[in-house]
Amino acid sequence: MRTYIGLVWAVARKDLLVEFRTFERLTSMGAFVVLIGVLFYFSMNTAVVRPQDIAAALIWMTIIFVGMLGMGGTFRLEEQDGALTGILQSPIPLDALYLGKVLSNFILLSVMVALILVVFTAFFRLQFSGNPYALFGVLACGVLGFVSLTTLFSAMTARSSMGESLLPVLIFPLLFPVIRFGTTATDRLFAARPFEEVRGDLSLLAAFAIIFTFACAWLFRFVIEE
Amino acid sequence: MTCGLEAAGLVRDFGGVRAVDGVSFQLQPGELLAVFGPNGAGKTTLLRMLAGVMRPTAGHVRVAGEAADVAGREWRHRVGIVSHQSLLYGQLTMAENLFFYGRLFGLTDLKTRIPERLAEVGLSDRAQTPVRDLSRGLKQRVALARALLHDPEVVLLDEPYTGLDPHASAVLREQLTLLKDGRRTVVLVTHNLKQGLELADLVAIQVQGRFASVANAADLDQAGVEAWYHATVEASP
Amino acid sequence: MSQKQTQWAIGVLGTLGVVAVIALHWMVFFWVPTESTMGIVQRIYYIHIPAWWIAFLAFGAVAVCSAVYLWLGDDRLDRAAVTAAEAGMIFTTIGLLTGPLWGRVAWGVWWEWEPRLTSALLLWFIFLGYFLVRRSTVNPEQGKRFAAVIGIIGVLDIPFIHVSVTWFRSLHPAAVVLNPDGFAMNLDPSMGATLGVGLLAFSLVFAALFLAGYTVAGYEHKLDLREAASAGARGAEA
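Chains as they are written, first to last, in numbering that gives the first Met the number 0: chain S, 0 to 225; chain Z, 0 to 236; chain U, 0 to 237.
It should be emphasised that the hints constitute simulated quantities derived from the structure, not laboratory data.
Wrong hints could be hidden among the right ones.
Stated by the list, open to error - Distance condition first, Cα-Cα at most 20 angstroms in a straight line; then the derived SDA-like pairs of lysine to any residue:
#1 Z:K110 <-> S:T2
#2 Z:K179 <-> Z:K193
#3 U:K3 <-> U:D187
#4 Z:K110 <-> S:G5
#5 U:K221 <-> Z:G14
#6 Z:K193 <-> Z:V232
#7 U:K221 <-> Z:T56
#8 U:K221 <-> U:L203
#9 Z:K179 <-> Z:E115
#10 U:K221 <-> Z:R17
#11 Z:K110 <-> S:F22
Stated by the list, open to error - With the Cβ distance kept under 7 angstroms, some of the chain U side facing chain Z (calculated, not the full set):
#12 N138
#13 P139
#14 A227
As the list claims (entries may be wrong) - Quick look at which bits of chain S chain Z covers, simulated, 3 or more residues with Cβ under 8 angstroms:
#15 1–9
#16 80–94
We put the beta carbon where it would ideally sit given N, CA and C, even for glycine.
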């Protein structure tokens with residue numbers, strides 16, 4: 000078990016090392032967050048719509064778009080000099096490879112979620128008086144669910160001729176529950192509703208994240224194999 | 000004696016196209032098989048099946064007598080692969096690349112092993128250089144160090160001389176000579192008939208997915224191998 | 000099943016299906032009483048609900064065939080899955096077209112985010128993804144595997160989609176009127192019978208389409224094999 004976790008961490012560590020060496024993904028994702036905030040602000044009539052009232056929608060739609068941008072190329076790194084062949088030839092179990100990718104994507108997207116909260120609080124003057132731990136839980140489970148599906152599908156699109164343009168078509172319908180539960184829970188938390196009103200959505204988000212992480216880990220071998 | 004590497008009836012189809020059409024061979028430990036053939040003969044596909052990276056449509060592979068199928072993970076400790084691509088991460092240093100692959104192969108003594116391997120390929124002083132800053136020749140040396148890091152019994156080389164200048168080719172040839180230690184079983188796919196013949200015990204010519212002809216390297220010389228190669232390729236449908 | 004038996008089965012199922020569909024339409028237009036709250040336009044539900052039900056059944060078939068295909072690698076299971084997906088897509092499209100027709104006349108809007116329509120729309124896109132990914136790979140075997148993975152992921156997602164659309168705006172007043180379960184509570188026995196005939200008719204048509212599609216896919220596969228073999232033989236002779 001320790002070896003298995005060690006292998007998962009080796010993959011994640013390598014991805015994070017490459018990213019922190021180049022900052023390619025974080026830079027483009029971070030710029031996207033700021034720019035989308037600008038576009039959102041100027042596309043709203045703030046006399047009629049209070050950003051505070053639609054904070055959940057703004058946050059979650061940005062998470063989805065920035066996630067697509069950043070996670071879509073998950074396996075691009077491996078395609079460059081054929082590193083994927085080297086990894087597949089090694090003894091690493093394929094589900095450990097998948098989980099390592101999920102872990103590194105989860106960390107990167109979580110950094111972006113933190114940036115989104117900071118930037119949107121500044122841009123839209125958001126105020127939050129709800130349960131911060133519940134918000135953390137909702138965002139963490141939603142991001143994990145999102146990352147588990149996106150990582151599996153980005154392995155698929157890396158091997159298809161349609162490439163990353165296929166990714167949103169495949170993923171958006173499947174992510175509908177994450178958006179639905181995520182925005183409802185976030186809405187209620189921003190409205191400082193009690194935890195009991197959020198518990199149902201949070202449970203479903205957690206169930207989604209767990210079920211799909213396991214399912215995708217198992218299905219990954221059918222996608223990555225030639 | 001248990002075979003170092005055995006292939007039995009390997010077939011690979013891609014939709015309606017048969018890329019490998021029933022390849023079989025047996026190599027004893029210490030033997031080197033050079034595989035020549037024109038582009039599109041299925042040599043890379045064959046090698047990928049031997050490496051367990053591609054699932055055969057039919058047939059099987061055995062490494063040191065053990066079944067080597069795509070689903071199995073343990074037998075992969077015994078195999079190393081060098082491709083015409085470097086299989087490395089350009090943004091990471093040599094040492095970091097080797098560390099990552101070392102972890103994948105479950106190696107624990109990397110602090111001593113990595114410097115040793117880099118010294119073997121003459122790159123000790125550049126361990127902290129990012130791989131993308133290296134020339135093609137140096138990248139291939141690191142690629143070889145990576146393939147041999149876990150001391151595999153079977154080494155597969157897919158056109159390792161591709162893109163190398165004469166000096167780099169000569170250096171690589173020297174490194175590959177060291178593989179002939181009587182213990183390792185090697186399959187070398189190459190377009191370079193001269194260098195393939197120098198190292199080989201057995202030579203095969205793959206055309207349209209099959210081994211059209213197999214010979215002992217000892218029975219051939221330079222002029223002989225070229226004539227044999229051209230005759231075999233031209234005779235094939 | 001022999002070729003003759005298959006053709007006979009397709010013929011019987013198809014004929015019974017067509018007869019049942021004609022009977023259904025007769026019942027819908029001439030026999031079943033008009034529902035009190037929604038009026039004449041409610042009759043489209045006898046088409047809409049069975050279409051939706053068959054779509055989900057088809058998707059279930061896709062998922063089961065996909066899972067067994069990944070396990071056993073038998074091409075016939077992939078052909079069964081893609082045939083079920085084609086039929087499922089047809090019925091999902093029927094559901095998506097009949098829903099707005101009803102909505103336009105009943106509420107004056109072309110689209111309403113009610114649970115069945117929303118699920119059908121998402122399901123339609125999951126089916127679309129299934130087909131797109133099949134065709135998007137260089138290696139057709141890989142495309143089949145990718146599609147099978149989507150089939151399995153999709154079926155795992157459906158319960159989540161169902162819960163998320165059903166719980167949405169649960170206090171919205173329209174949900175009570177639009178809720179087919181609410182409608183079911185007012186069911187006259189003749190309405191139940193019509194709905195039952197609708198389910199039967201669509202099931203028969205689905206079965207006929209599935210069997211015919213699967214048989215054709217089998218012939219196409221044999222033809223591909225024959226063409227590949229003769230191309231190989233021609234190459235050998237040259």
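Status of the hints after comparison with the structure:
For the proposed pair K110 of chain Z and T2 of chain S, the alpha carbon gap of about 18 angstroms is at most 20 angstroms, so the pair holds. Restraint check for K179 of chain Z and K193 of chain Z: satisfied, since their Cα atoms lie roughly 17 angstroms apart, inside the 20 angstroms limit. Straight-line distance between C-alpha atoms of K3 of chain U and D187 of chain U comes to about 43 angstroms, which puts the hinted pair past the 20 angstroms bound. For the hint linking K110 of chain Z to G5 of chain S, the alpha-carbon distance of about 17 angstroms falls within 20 angstroms, and the restraint holds.
Taking the CA atoms of K221 of chain U and G14 of chain Z, the gap is about 13 angstroms. The hint holds against a cut of 20 angstroms. At roughly 17 angstroms between alpha-carbon atoms, K193 of chain Z and V232 of chain Z fall within 20 angstroms of each other, so this suggested pair holds. Note on K221 of chain U and T56 of chain Z: the hinted pairing holds, with a Cα-Cα distance of about 18 angstroms set against a maximum of 20 angstroms. As the CA atoms of K221 of chain U and L203 of chain U are separated by approximately 27 angstroms, the hinted pair breaks the 20 angstroms bound.
A threshold of 20 angstroms between alpha carbons decides the hint, and for K179 of chain Z with E115 of chain Z the separation of about 19 angstroms falls inside it, so the pair holds. For the proposed pair K221 of chain U and R17 of chain Z, the alpha carbon gap of about 17 angstroms is at most 20 angstroms, so the pair holds. For the hint linking K110 of chain Z to F22 of chain S, the alpha-carbon distance of about 28 angstroms lies beyond 20 angstroms, and the restraint is violated. Nearest Cβ of chain Z to the Cβ of N138 of chain U: about 5 angstroms, under the 7 angstroms cut. The hint holds.
With a least beta-carbon distance of about 4 angstroms to chain Z, the hint placing P139 of chain U at the interface is held under the 7 angstroms criterion. This hint holds: A227 of chain U has a C-beta 4 angstroms from the nearest C-beta of chain Z, less than the 7 angstroms allowed. For the segment 1–9 of chain S, the assignment as covered by chain Z holds, since 4 residues bring a beta-carbon within under 8 angstroms of that chain's beta-carbons and 3 suffice. Coverage of the segment 80–94 of chain S by chain Z holds [criterion: at least 3 residues with CB-CB distance below 8 angstroms; count 12].
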